[in-house]
Amino acid sequence: MSNKIDPLGEAGLQFYSKVSASISHEIKNSLAVLNESAGYLEDVTLMAKKGMDVNMERLESLAVTMLKQVQRTNGIVKNMNRLAHSLDDPASQIDLNPLLELMISLSERTTVTRGFKVSAVFSDAAITITTHPFFLENLIWLILDFAMTVTGDAKTIAMIPAKTESGAEINFTGLEKLTGKSFNDFQTERVRLMLAALNCKLQPNENKGILTIHLPKNINQPEK
Amino acid sequence: MQLLLVDDEKEFVATLAERLSLRGIEADWVTSAKDAEKIIKTKHYDLVLLDVKMPQVGGRELKKIIEKKLPGIKTIYLTGHGSEEDYQAGSAEAEYYLMKPINITDLIEKINDALKK
Numbered sequence: 006m007s008n009k010i011d012p013l014g015e016a017g018l019q020f021y022s023k024v025s026a027s028i029s030h031e032i033k034n035s036l037a038v039l040n041e042s043a044g045y046l047e048d049v050t051l052m053a054k055k056g057m058d059v060n061m062e063r064l065e066s067l068a069v070t071m072l073k074q075v076q077r078t079n080g081i082v083k084n085m086n087r088l089a090h091s092l093d094d095p096a097s098q099i100d101l102n103p104l105l106e107l108m109i110s111l112s113e114r115t116t117v118t119r120g121f122k123v124s125a126v127f128s129d130a131a132i133t134i135t136t137h138p139f140f141l142e143n144l145i146w147l148i149l150d151f152a153m154t155v156t157g158d159a160k161t162i163a164m165i166p167a168k169t170e171s172g173a174e175i176n177f178t179g180l181e182k183l184t185g186k187s188f189n190d191f192q193t194e195r196v197r198l199m200l201a202a203l204n205c206k207l208q209p210n211e212n213k214g215i216l217t218i219h220l221p222k223n224i225n226q227p228e229k
Numbered sequence: 002m003q004l005l006l007v008d009d010e011k012e013f014v015a016t017l018a019e020r021l022s023l024r025g026i027e028a029d030w031v032t033s034a035k036d037a038e039k040i041i042k043t044k045h046y047d048l049v050l051l052d053v054k055m056p057q058v059g060g061r062e063l064k065k066i067i068e069k070k071l072p073g074i075k076t077i078y079l080t081g082h083g084s085e086e087d088y089q090a091g092s093a094e095a096e097y098y099l100m101k102p103i104n105i106t107d108l109i110e111k112i113n114d115a116l117k118k
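In order, the protein sequences belong to chains H and E. The first sequence begins at 6 in my numbering and counts up by one. The second sequence begins at 2 in my numbering and counts up by one.
For the record, the hints were derived by calculation from the structure and aren't laboratory data. A portion of the hints provided could be inaccurate.
Partial pick of chain E residues on the chain H-facing surface, computed with a CB cut under 7 Å [to be verified]: (1) Glu12; (2) Pro56; (3) Gln57; (4) His82; (5) Tyr88; (6) Ala90.
Built from N, CA and C at the ideal position, the CB exists for glycine as well.
Could you put the whole structure together from the sequences, leaning on the hints where they help?
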């Protein structure tokens, strides 16, 4: 039996672990707000029992806060569930618009903590391809991590999906410090394996500060 | 006792300050390192409660900035982040390192203990 760790599997686990850590952090933050809100309700209930006045407006705003936190946590868990289910099938038909929306949500804590703003310019129409969603999400995660090292002073990255003749592309813009060397350094074994698994290509444009993923319409039919 | 609470979760930090106030402990609160730097220029604090993970400037970096202005200030770290590495490093740097969600009685005990150190 070989001791060599499968680089693609390792990359996938690392990605999943990082997202899980980030999500658990977000859930803990939300629980902390709910905990303080419930604690405050307990405090004012005790005060009311002692005949002290209760600020009803404050209670109303607290209820709104608690509902917002429940919605926030529900959104976080839904995203985690979507990521988990992206491993269900080796290839499935997906729309790039919601996939990019999911990636913005999943990476938000990491990007915001590092002072970056990641957005997407969504297409009005669906951009449908057949691919392995988990590998694509993993590749986008790795590209965002790399992109944060080569953006300009604005620290903003925009992901722009588009249909192409052979399938689709995702353009990562705002990479003003992108160079041939940084791009070569980014293409580690795991990135190369991921590109191969997705039958896709990465194309840098140093002059425009854009990195493009070219994706085939169908993962089983490589882009020509 | 002068307390400053710094956490980017506004609803958490504001409600925590209210609950401390109900227990006779007045605390100012801000939601960013930038605002913390501003407020410490105008007021003295004995203890600061810092969220470890905040956008741009986190609690551990902010602690160093605050200590330059207010040497001897006591620090309690707060975090929702459970990494062992962070816990080890944070525990060594601050008086206490607490995980969210927190118990207010426990927090007040830790605040009092930290101020005695």
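Tested hints:
Interface hint at Glu12/E: satisfied, since its Cβ lies 5 Å from the closest Cβ of chain H, which is below the 7 Å cut-off. Taken as an interface hint, Pro56/E checks out: its beta carbon lies about 5 Å from the nearest beta carbon of chain H, inside 7 Å. For Gln57/E, the interface hint holds, since its Cβ comes within 7 Å of a Cβ in chain H; the closest pair sits about 4 Å apart. Residue-level restraint check for His82/E holds (minimum Cβ-Cβ distance to chain H is 5 Å; threshold 7 Å).
Proximity of Tyr88/E to chain H is violated relative to the hint, the smallest CB-CB distance being about 13 Å (cut-off 7 Å). Evaluation of the Ala90/E hint against chain H yields a violated restraint, the C-beta minimum of about 16 Å exceeding 7 Å.
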